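Q: This is what each chain is made of:
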Amino acid sequence: MVATVRELNIIESKEKSMSAKTLYDKLWDAHLVRQNDDGSCLIYIDRQLVHEVTSPQAFEGLRLAGRKPWRVDANLATPDHNVPTTGQSAGVAGIVDPVSKIQVETLDANCDFFGITEFKMNDIRQGIVHVVGPEQGATLPGMTVVCGDSHTSTHGALGALAHGIGTSEVEHVMATQCLIQKKSKNMLIKVNGQVGPGVTAKDIVLAIIGKIGTAGGTGYAIEFGGEAIMALSIEGRMTVCNMAIEAGARSGVVAVDDKTVDYVKGRPYAPTAGQWDAAVAAWRDLHSDADARFDAVVELNGAEIEPQVTWGTSPEMVVAVGGSVPDPAAETDLVKRTGMEKALVYMGLKANTPIEEISIDKVFIGSCTNSRIEDMRAAAAVAQGRKVAANVKLAMVVPGSGLVKKQAEEEGLDKIFIAAGFEWREPGCSMCLAMNADRLEPGERCASTSNRNFEGRQGQGGRTHLVSPAMAAAAAVMGHFVDIRTLG
Amino acid sequence: MEKFVTLNGLVAPIDRPNVDTDAIIPKQFLKSIKRSGFGPNLFDEWRYLDHGEPGMDNSRRPLNTEFVLNQPRYQGAQVLLGRENFGCGSSREHAPWALEDYGFRAIIAPSFADIFYNNCFKNGLLPIVLDAAVVDALFNACADTEGYRLTVDLSKQQVVTATGETFAFEIDGFRQHCLLNGLDDIGLTMQHVDDIKAYESKRRVSTPWLFN
Ligand code: SF4
Chain P
0 MVATVRELNI
10 IESKEKSMSA
20 KTLYDKLWDA
30 HLVRQNDDGS
40 CLIYIDRQLV
50 HEVTSPQAFE
60 GLRLAGRKPW
70 RVDANLATPD
80 HNVPTTGQSA
90 GVAGIVDPVS
100 KIQVETLDAN
110 CDFFGITEFK
120 MNDIRQGIVH
130 VVGPEQGATL
140 PGMTVVCGDS
150 HTSTHGALGA
160 LAHGIGTSEV
170 EHVMATQCLI
180 QKKSKNMLIK
190 VNGQVGPGVT
200 AKDIVLAIIG
210 KIGTAGGTGY
220 AIEFGGEAIM
230 ALSIEGRMTV
240 CNMAIEAGAR
250 SGVVAVDDKT
260 VDYVKGRPYA
270 PTAGQWDAAV
280 AAWRDLHSDA
290 DARFDAVVEL
300 NGAEIEPQVT
310 WGTSPEMVVA
320 VGGSVPDPAA
330 ETDLVKRTGM
340 EKALVYMGLK
350 ANTPIEEISI
360 DKVFIGSCTN
370 SRIEDMRAAA
380 AVAQGRKVAA
390 NVKLAMVVPG
400 SGLVKKQAEE
410 EGLDKIFIAA
420 GFEWREPGCS
430 MCLAMNADRL
440 EPGERCASTS
450 NRNFEGRQGQ
460 GGRTHLVSPA
470 MAAAAAVMGH
480 FVDIRTLG
Chain Z
0 MEKFVTLNGL
10 VAPIDRPNVD
20 TDAIIPKQFL
30 KSIKRSGFGP
40 NLFDEWRYLD
50 HGEPGMDNSR
60 RPLNTEFVLN
70 QPRYQGAQVL
80 LGRENFGCGS
90 SREHAPWALE
100 DYGFRAIIAP
110 SFADIFYNNC
120 FKNGLLPIVL
130 DAAVVDALFN
140 ACADTEGYRL
150 TVDLSKQQVV
160 TATGETFAFE
170 IDGFRQHCLL
180 NGLDDIGLTM
190 QHVDDIKAYE
200 SKRRVSTPWL
210 FN
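Line by line, the protein sequences are chains P and Z.
If you count the first sequence from 1, position 142 lands on 141 in numbering that gives the first Met the number 0, and the numbers rise without skipping.
If you count the second sequence from 1, position 107 lands on 106 in numbering that gives the first Met the number 0, and the numbers rise without skipping.
Everything labelled a hint here was simulated from the structure, so no lab data went into it.
Computed from a predicted model, the values in this text were never measured in an experiment.
Virtual Cβ for every residue (Gly too), placed ideally from N, Cα, C.
Heads up, a few of these hints could be off.
[As the list claims (entries may be wrong)] Under 7 Å between C-beta atoms, here's a sample of chain P residues computed to sit facing chain Z:
(1) V52
(2) D148
(3) H171
(4) S358
Using the sequences and the accompanying hints, generate a full structural model.
A: Next comes the structure, spelled out in structure tokens:
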């Protein structure tokens, strides 16, 4: 089962020379406003992304104290968690659930009142905050990025220091442009070599979590490196960094390379003309120095990573698709064994069942983990010329933003999905957390490209198996999990 | 924020690892635009037998009598005993809001997820990390003794049992100071406005593209 980080092949590295810094050290040092005697620090925040769920109480706090945002232009808002994935052209008026509607209206009203830019529901730029930020160039290398959402770690894929915060901190950043923080420890997760065909960024990060556990990164800032990580597209790196929080780390980061620079170039919020060259020159330093010291190093061999499927109610409960549901009886740690037993009861699974024999009821392709254009393409490539299996009641594809949706439609992906029997929806968080109408019914089993398989996450009593987009599409057409590499 | 100095409270055990914030307060209750009123829906899916939605009369809902917080012996509990990685998952501050609204003032566990840990302090809720073996012993003692209480002393950084056994815990100075005095972070940071402005004007020159 899951080992702790300490027990792994961690190389406690030698004394570093004083000047050598990790990427996290560099980002931290560049944003340090002041350090107090007690060790707490004020860190300057360059960008705050705002959505409807974790902001109303922060805005209310500002109002009650008679405060204004310190820098209005550092904030960018969009509703995502509550928005329906059908009929969005009706705007906020089209939200049927009155409570959801109030929350989105409250965001609109707060942004209007304080003068914050918001991509509202009928704006093509609207979408999941973590898709929208990078897509707009609103997340840049070298920035500090926060959002009242744990998956803010996503933005680290661009070489930014990004992490989720609570609502009190959302208010704090709005009021002061700073965050009170203590520096985390440094962890390097290196994926050496290359992964095989059919193995994606999602499989890499699930394998990492399977190895270090959901608390393995607690207290650390993780840097993902190694050939297999650097071989990923920026979208793939976002998938990996997105789930750093599922490994317990508030932030995950990847060094800047040519791909990062190419990705950012020309985006609406990216630096232009005169500033571009200076920005790129600064970004070229956004990597760990060769002799930088990490507090912990974890290494994986890319060639050994197989397509992954979670079987339980925590992302660390994961196995390769060719494996079976593990047997709690084999677990010696009593607390863990009880956790596994509870998970199997909840998931309605028996120990030792081969993963490929688990049939599913629903499929969800979307979420801030896997709703970017390359995810849509990967799923469409599997769906093409095939049909959703008869036992699958619903297979939905939810692009991460209006712009992803548009691009996918320009490439004809929507037609492929629809012809195969998938539903092609409008952007939002959707069944990743089921705050809108998209949800599992009790007992329903779902192949999902999202990031959390917690009890009730996709609907009360719903059973979630986390997989990559290609694996989710394959499960949709076969009606059960299948190794994408054998699908042909 | 309410001050936290000392507390002598009844202990309730939640005996599972990785208790996530989705379990602490399910997503449908996050639609509220208020900071209060989440207590009745704390652990909603474990606590009630039906599906809860905002606006329901919780006093009329069928209770899961198996669930710890529904057992008579744990009514009025103020100290929550948990296992490793307590509070993992979503950054929702609604989780500490719900725990606090329910009546909890302290949570003892071998480890906490970072964001949750941080959020607790903003809401007068004290997360205490004790050794896994100590936590294990507390679970046993709590199961064996009805009305099991613990005393938490924040200034001495100690958890004390009824028989006088004492367990020290670590807490960083800044957080301890804020909690002991019920201080508001924003007010404290505002004392450093000059530092923030100085930093900003430097960065406007060195990295102007971050200020467009
Ligand atoms: S897609 Fe899911 S994980 Fe991502 S921000 Fe939305 S609810 Fe959170």
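Q: Each hint: holds or not?
A: Here is how each hint holds up against the structure:
no., hint, in the structure
1, V52, "holds, 5 Å"
2, D148, "holds, 6 Å"
3, H171, "holds, 5 Å"
4, S358, "violated, 25 Å"
Of the hints listed earlier, the one the structure fails to meet is number 4.
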